[in-house]
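Trainee: Okay, here's what each chain looks like letter by letter:
Number of protein chains: 2
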Amino acid sequence: MPSDRSAVTLAVSTVVFALRPDPATGALTLWLPLVRRIREPYEGMWALPGGPLGEDEDLAASARRTLDVTTGLQPHYLEQLYCFGDVDRSPSQRVVSVVYWTLVRADEDASALERPGAENVEWFAADDVATHPGRLAFDHTTILAYALDRLRAKITYSPIAHAFLPAEFTLAELRAVYEGVLRRPLDPANFRRQILAQGTVEPTGGHREGTRHRPPALYRSNPARSRATLTIPADQEIPS
Amino acid sequence: MPSDRSAVTLAVSTVVFALRPDPATGALTLWLPLVRRIREPYEGMWALPGGPLGEDEDLAASARRTLDVTTGLQPHYLEQLYCFGDVDRSPSQRVVSVVYWTLVRADEDASALERPGAENVEWFAADDVATHPGRLAFDHTTILAYALDRLRAKITYSPIAHAFLPAEFTLAELRAVYEGVLRRPLDPANFRRQILAQGTVEPTGGHREGTRHRPPALYRSNPARSRATLTIPADQEIPS
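Chains A and B supply the protein sequences, listed in that same order. Start counting the first sequence at 1; every next residue gets the next number (the numbering used here). Start counting the second sequence at 1; every next residue gets the next number (the numbering used here).
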């Protein structure tokens with residue numbers, strides 16, 4: 001622990017991921033909000049929502065404040081992603097950014113869309129931005145690519161996909177989340193078998209009404225398996 | 001990104017884990033080095049090695065510098081663990097700590113032991129310290145407990161255990177690492193079957209010589225499965 005103040009500025013920024021349907025196909029795609037910079041450095045370019053940490057503000061509180069101001073979002077899922085601190089990541093001064101990420105449910109996204117957006121805030125297709133370096137200020141393209149990698153990795157070994165969904169969902173809705181995040185179709189029967197084998201969801205006993213054929217069963221997160229692959233079973237099996 | 005400097009000090013600290021054998025039983029236990037504080041706040045108490053981030057220093061470079069100064073360790077495995085930034089975690093000023101962690105091989109640990117230790121640095125049994133709140137300054141007991149939790153979780157779904165071992169190792173040596181980290185015996189036959197099923201190790205073709213019975217086979221990390229559970233196989237299987 002230091003006794004002197006370091007000459008480093010600390011900022012908190014957030015990568016927001018929402019899954020929005022393609023108007024033509026209905027397939028889900030990852031989108032995120034960006035803020036247009038109105039001063040140097042990088043004036044006119046886009047950046048992740050964020051700002052300097054207030055002296056009396058916890059890290060997550062700072063992320064929530066700038067998210068609310070820029071997008072109106074008050075997301076239920078907010079986690080620390082990584083701390084980025086390379087010496088040369090900001091041209092004019094040394095800035096270390098603690099980056100959070102949030103996954104937005106469709107209903108949260110809809111509320112944010114209804115609200116008049118803050119000036120200089122727009123939503124973009126995440127992979128389009130991540131694959132066009134030079135659109136984002138600072139090292140934010142690197143941060144976005146890292147967040148996409150983490151999401152695509154974590155969805156394969158944790159129930160993080162549930163954060164995009166309401167409390168009750170069908171297996172088809174869950175599969176659509178996986179397909180949107182992973183950007184490829186998954187075999188419905190294989191998907192069903194593997195998700196049920198994981199034990200990360202449990203049937204609610206209810207069904208989705210209002211569909212044409214037989215109503216599909218509803219599921220919810222199984223709280224006992226919220227860290228499914230992180231649990232070592234009592235019989236000393238090491239999950240592969 | 002901020003245009004003003006925030007009034008927050010940024011520090012970098014490191015949790016170092018080495019596995020040391022119990023003199024009586026030979027069983028491995030997690031140990032870590034701590035630094036005795038020589039000024040207020042928390043004068044006389046123990047803290048993780050660390051200090052304020054230099055303005056021209058990357059985060060990992062800062063962790064490596066303080067580790068070298070305090071313990072002589074220059075570990076090959078160093079990763080960011082988490083950023084701790086609660087408002088009240090330091091009494092006199094606002095400090096945000098980016099915490100790294102490192103896993104030390106026995107040969108690295110032996111080199112550090114041969115070297116005269118820095119004044120006010122001692123090694124402690126990690127779980128003993130973590131379960132006695134009040135021995136560590138600031139929120140370092142919380143940080144240590146978090147690091148232990150992460151290590152015990154991550155060893156079940158990643159090849160992180162290899163970081164404690166030299167490039168070539170027997171399955172019995174690998175099992176001893178798991179047993180030391182998880183603090184309980186594992187069935188040798190089950191362990192062997194599961195590790196080989198994971199595909200995270202591959203035989204070198206060589207054997208450990210100098211043993212009394214038939215020489216055990218040597219293994220090394222399989223680079224193709226360095227992020228074993230993070231890989232989605234081509235057949236669209238979702239790892240459970």
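One or more hints might be untrue.
Claimed, not checked - Here are the simulated distance ranges between beta carbons: (1) A:Arg193 x B:Glu79: 33 to 39 Å; (2) A:Glu209 x B:Ala224: 44 to 50 Å; (3) B:Ser92 x A:Ala27: 32 to 38 Å; (4) A:Asn222 x B:Leu113: 58 to 64 Å.
Stated by the list, open to error - Just so you have them, the derived chain B footprint on chain A, three or more residues with Cβ under 8 Å: (5) 50–64; (6) 212–221.
Claimed, not checked - Derived list of chain A stretches under chain B, where covered just means 3 residues or more per stretch with a C-beta under 8 Å from a C-beta of chain B: (7) 16–27; (8) 163–176.
Worth flagging that the hints you see were computed from the coordinates, not collected in a lab. Glycine included, every Cβ here is placed at the ideal spot set by N, Cα and C.
Trainee: Now tell me, hint by hint, if it's right for this structure.
Mentor: Hints, verified against the model:
Here the CB-CB span from arginine 193 of chain A to glutamate 79 of chain B is close to 35 Å, well matched to the stated 33 to 39 Å. Distance hint check for glutamate 209 of chain A and alanine 224 of chain B: the Cβ-Cβ separation is about 47 Å, which falls inside the suggested range of 44 to 50 Å. Checking the proposed 32 to 38 Å range against serine 92 of chain B and alanine 27 of chain A shows it is violated: the Cβ atoms sit about 54 Å from each other. For asparagine 222 of chain A paired with leucine 113 of chain B, a C-beta distance near 46 Å fails the hint of 58 to 64 Å.
Counting residues of the region 50–64 of chain A whose CB lies closer than 8 Å to any CB of chain B gives 10, so the stated coverage by that chain holds, three being the minimum. A count of 0 residues in the region 212–221 of chain A with a Cβ less than 8 Å from any Cβ of chain B is obtained; the coverage claim is therefore unmet, three being the minimum. Coverage of the region 16–27 of chain A by chain B is violated [criterion: at least 3 residues with CB-CB distance below 8 Å; count 0]. With 0 residues having a beta carbon nearer than 8 Å to a beta carbon of chain B, the region 163–176 of chain A misses the requirement of three or more and the stated coverage is violated.
Violated hints, in rising order: 3, 4, 6, 7, 8; the structure is consistent with all others.
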